[in-house]
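A.B. asks: Adding 2 to a residue's 1-based position in the sequence shown gives its number in this note's numbering.
Careful, some of the hints might be misleading.
[Said to hold, decoys possible] Have a look at the derived ranges for each label pair, beta carbon to beta carbon:
#1 Ala90 <-> Arg116: 31 to 41 Å
#2 Pro109 <-> Ile85: 25 to 35 Å
#3 Arg83 <-> Ile29: 12 to 22 Å
I should point out that these hints are in silico values taken from the structure, not numbers from a laboratory. Computed from a predicted structure; not experimentally measured. Beta carbons are placed, not taken as given, at the ideal position from N, Cα and C, and that holds for glycine.
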Amino acid sequence: MTETRNMKRPMSPRQRRYRFALGFAAILGAILGIWMASDQPAGSHGFDTVLGGGPLSASFAIGASIFWGIGLAISLIIYHRAIDDHEARAWLWAGLAGWYAFIVPAPVWWVLNRAGLAPPIDTMLLFLLSMAANAIVWLWLKYR
Numbered sequence: 003m004t005e006t007r008n009m010k011r012p013m014s015p016r017q018r019r020y021r022f023a024l025g026f027a028a029i030l031g032a033i034l035g036i037w038m039a040s041d042q043p044a045g046s047h048g049f050d051t052v053l054g055g056g057p058l059s060a061s062f063a064i065g066a067s068i069f070w071g072i073g074l075a076i077s078l079i080i081y082h083r084a085i086d087d088h089e090a091r092a093w094l095w096a097g098l099a100g101w102y103a104f105i106v107p108a109p110v111w112w113v114l115n116r117a118g119l120a121p122p123i124d125t126m127l128l129f130l131l132s133m134a135a136n137a138i139v140w141l142w143l144k145y146r
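Using the sequences plus the hints, can you model the full thing?
C.D. replies: Quick look at the structure:
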């Protein structure tokens, strides 16, 4: 009798494209993170320095912008060609949640800052809030 418990099903082309797209995006992020950390002045490699508002070299800013824009565009094209209807629905709702997580606090913060009641707007904090909302909704809809 054949043992079927330990046999793995071969991955479909769609599954391979899906995993490649996510892996490619993760590698892009890792490269940019390492590059950014190595571009910081000596002795200032903390979390606040990397994600804070400190100065960046012009060469890093130009290179990272091009790398991010082209790399993410390629990854997203591959990703959208690989997802099914269930994941597309989760992705669309997650994107909307991320958008709401940006458009609600941004003008509130801006108005409070103009009145002197809040510190200057932190773009990276708003970006991270948007990405967190996106990730939470996507994970909920994909895996519930």
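A.B. asks: Hints broken by the structure, by number, lowest first?
C.D. replies: Hints that this structure does not satisfy do not exist here, as all of them hold.
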